[in-house]
Amino acid sequence: NAGVTQTPKFQVLKTGQSMTLQCAQDMNHNSMYWYRQDPGMGLRLIYYSASEGTTDKGEVPNGYNVSRLNKREFSLRLESAAPSQTSVYFCASSEVMSAGGIGYTFGSGTRLTVV
Amino acid sequence: SQQGEEDPQALSIQEGENATMNCSYKTSINNLQWYRQNSGRGLVHLILIRSNEREKHSGRLRVTLDTSKKSSSLLITASRAADTASYFCATELQYNTDKLIFGTGTRLQVFP
Numbered sequence: 001n002a003g004v005t006q007t008p009k010f011q012v013l014k015t016g017q018s019m020t021l022q023c024a025q026d027m028n029h030n031s032m033y034w035y036r037q038d039p040g041m042g043l044r045l046i047y048y049s050a051s052e053g054t055t056d057k058g059e060v061p062n063g064y065n066v067s068r069l070n071k072r073e074f075s076l077r078l079e080s081a082a083p084s085q086t087s088v089y090f091c092a093s094s095e096v097m098s099a100g101g102i103g104y105t106f107g108s109g110t111r112l113t114v115v
Numbered sequence: 001s002q003q004g005e006e007d008p009q010a011l012s013i014q015e016g017e018n019a020t021m022n023c024s025y026k027t028s029i030n031n032l033q034w035y036r037q038n039s040g041r042g043l044v045h046l047i048l049i050r051s052n053e054r055e056k057h058s059g060r061l062r063v064t065l066d067t068s069k070k071s072s073s074l075l076i077t078a079s080r081a082a083d084t085a086s087y088f089c090a091t092e093l094q095y096n097t098d099k100l101i102f103g104t105g106t107r108l109q110v111f112p
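The listed protein sequences correspond, in order, to chains A and B. FYI, the numbering for the first sequence is 1 to 115, going by our numbering. FYI, the numbering for the second sequence is 1 to 112, going by our numbering.
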């Protein structure tokens, strides 16, 4: 099925552990994004990549790194997890729509708990 | 603070009633979009309204945009239990067009 695939769906980490969240899209979209969603906060942008080979910080980049491996894949790494990083993480890709403007396609999310 | 603030934060209605949720934003935009999120799932695009448009319809959805007040509303008519979800507005900024800024969302509960 075409779309955005995130792995894993669930993860529990201990404080200080590291992990990488994987994201892949098969829609040939140029731009990809990582957001985190916390109760009452909506979605906050962590990092984004406007094209293969480029990445930019979003609103809340501290504690995270990203890699745009190729056009399809955009990974998010937590080097030393902290309880404040407990959240639901969403990857998205975007295209320019026929009506104008960019439209997002989201993955189903990764629920991360740091204990 | 968030570019998009939505109210109410939560809304409960009966099936058949209309649901209205509002979004306010701070800076000039190219367009404003509404997304829906079912519990535990990713967001799904519903509708886009450009900055030079005032109203747009899609099925039971009606979106209005008032750029002078920097606000938008989403109306869902004749709601159904299946409309139960969270709804988010998202803005594409006029001078930063490569990403969307999401609001805080409205949680809609439609009772059968």
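Just so you know, these hints were derived from the structure itself, not from any lab. Warning: the hint list may mix true and false statements.
As the list claims (entries may be wrong) - With a straight-line Cα cutoff of 20 Å, these simulated EDC-like cross-link-like pairs (lysine to aspartate or glutamate) come out:
| id | chain 1 | residue 1 | chain 2 | residue 2 |
| --- | --- | --- | --- | --- |
| 1 | B | K69 | B | E15 |
| 2 | B | K26 | A | E59 |
| 3 | A | K57 | B | D98 |
What are the numbers of the hints that this structure violates, sorted from low to high? Violated: hint 1 alone.
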